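First residue of the sequence shown: 1, per the UniProt record's numbering; consecutive thereafter.
Don't take each hint at face value.
Just the calculated beta-carbon pair ranges, DEER-fashion [said to hold, decoys possible]:
| id | residue 1 | residue 2 | range |
| --- | --- | --- | --- |
| 1 | G25 | A112 | 40 to 46 Å |
| 2 | T90 | P418 | 38 to 44 Å |
| 3 | V104 | A13 | 42 to 48 Å |
| 4 | G317 | P272 | 58 to 64 Å |
Everything labelled a hint here was simulated from the structure, so no lab data went into it. Since we're looking at a predicted model, the values are computed, not measured. All C-beta atoms, glycine included, are put in the ideal place defined by N, C-alpha and C.
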Amino acid sequence: MSTDLAEAVVDLAAVRGNLATIAAGTPARILAVVKADGFGHGAVPIARAALAAGAAWLGVTSATEALALRADGITAPILSWLHRPDADVTALILADVDISVSTVAHLRRVAADAARCGRVAHVHLKADTGLHRNGATSDDWPELLAWTRKHEHEGTLRCRAIWSHLATADQPPKTTPTLEDLVLNAPAPTGSGPIAAAPGFSASDPAAPKIDATLEELLLNAAAPGDAGAPGSAGVARQRAAFVAAVAEARAAGLTPELAHLANSAAAMTAPDTHFDLVRIGIGLYGIEPVPGRVTGLRPALTVRTSVINIKRVPAGSGVSYGPDHVTTRPTSLALLPIGYADGLPRAAEGRAQVVIAGRRCPIVGRIAMDQCVVDVGDLPVGLGDTAIVLGTGGPSATEWAAWAGTNPHEILTGIGPRVTRTYLHGE
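Based on the provided sequences and hints, a complete structural model is requested.
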């Protein structure tokens, strides 16, 4: 146990094993997502473990995250996907970091910075296929392609990839139309040009079969009345159809992207027709099952533990913590743990959360404070310095904490604060 108040132990062998498990189910290359400090696990150690296990790419949110990996000597391809459109990206270009672009304004800024530093910027054009966050809409896509082609001709840009992000892949699957059904039922052409929509289409395949339908028509045909935002495979099929169309439009505009990527962790494990050339593995890399209720053998990589720093016997009727929101109903022992909401324990889990002490699950009682929480250990033989497993192996999972707090495991993992010391097992 470290001398700090709490520690998060990260098993890098679990990270490598999780990547291998997912990679075994796809011929596509793997992009390991290490944003948000590797989902709270530590970006650099996770990146190195993922690369050692066969990841071809790394993915981060910001320029700061990408440049931190480069500063630590990581030379693998990196995609950084969220930037202010007016931000200077010269440092990213010089560090050979690929940049995601969703708007013409951002594209032109990237091209201008590339021209000033005398380097070619590599971009991944993002299409909005239904998530409606970042990415170019079907109306804006043709203009973005035209400007990209112009800047490629000038020698300032290279379109490395077309990509998008799924909205519903982590929902339980339903029986839904296949992409082939959507394509076969596509409406008559309106003269906007052919769109490739063949199953298994790859960005590197110039001979993909064509259909005569516009992107807008395919989307409208795919979305039945009242079906907007439908969960599971219906939404995935709709987005896949739109994505295939977007890639085909890019090729028709004269672009030759090396990669097409759409799948996240959930789709990587449930929707092989979304894999294309690259799959992006986020939450699955850290051992969290991406689809609720589906067990695939992933192993959680992180365990948070602390120790008992005070223990006292109290009678029935004793108030615990602020409020008090909890009053004991019997004589019992209360163990104090030096970990609180500043360290990642969500206050919303009050009244439901548990930890493991002396091999038994015990409830956290009363309000979780910023730095500490109180556990009712009953009559268990608990002493000062005894270990409490807060999350992970031998204790409650991130998924359980998420259920207690009404959130998702992603928020639980990324919320583990900097006061919780990270230590690493099985590094190579």
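Is it true that G25 and A112 lie within 40 to 46 Å of each other by Cβ?
About 42 Å separates the Cβ atoms of G25 and A112, which means 40 to 46 Å holds.
Against the range 38 to 44 Å, how does the distance between the Cβ atoms of T90 and P418 compare: consistent or not?
29 Å Cβ-Cβ, so the 38 to 44 Å window is violated.
A13 and V104 - C-beta distance against the hinted 42 to 48 Å
holds (45 Å)
Could you check the hint for me, namely that G317 and P272 are 58 to 64 Å apart, CB to CB?
holds (60 Å)
Of the numbered hints stated above, the single one contradicted by the structure is hint 2.
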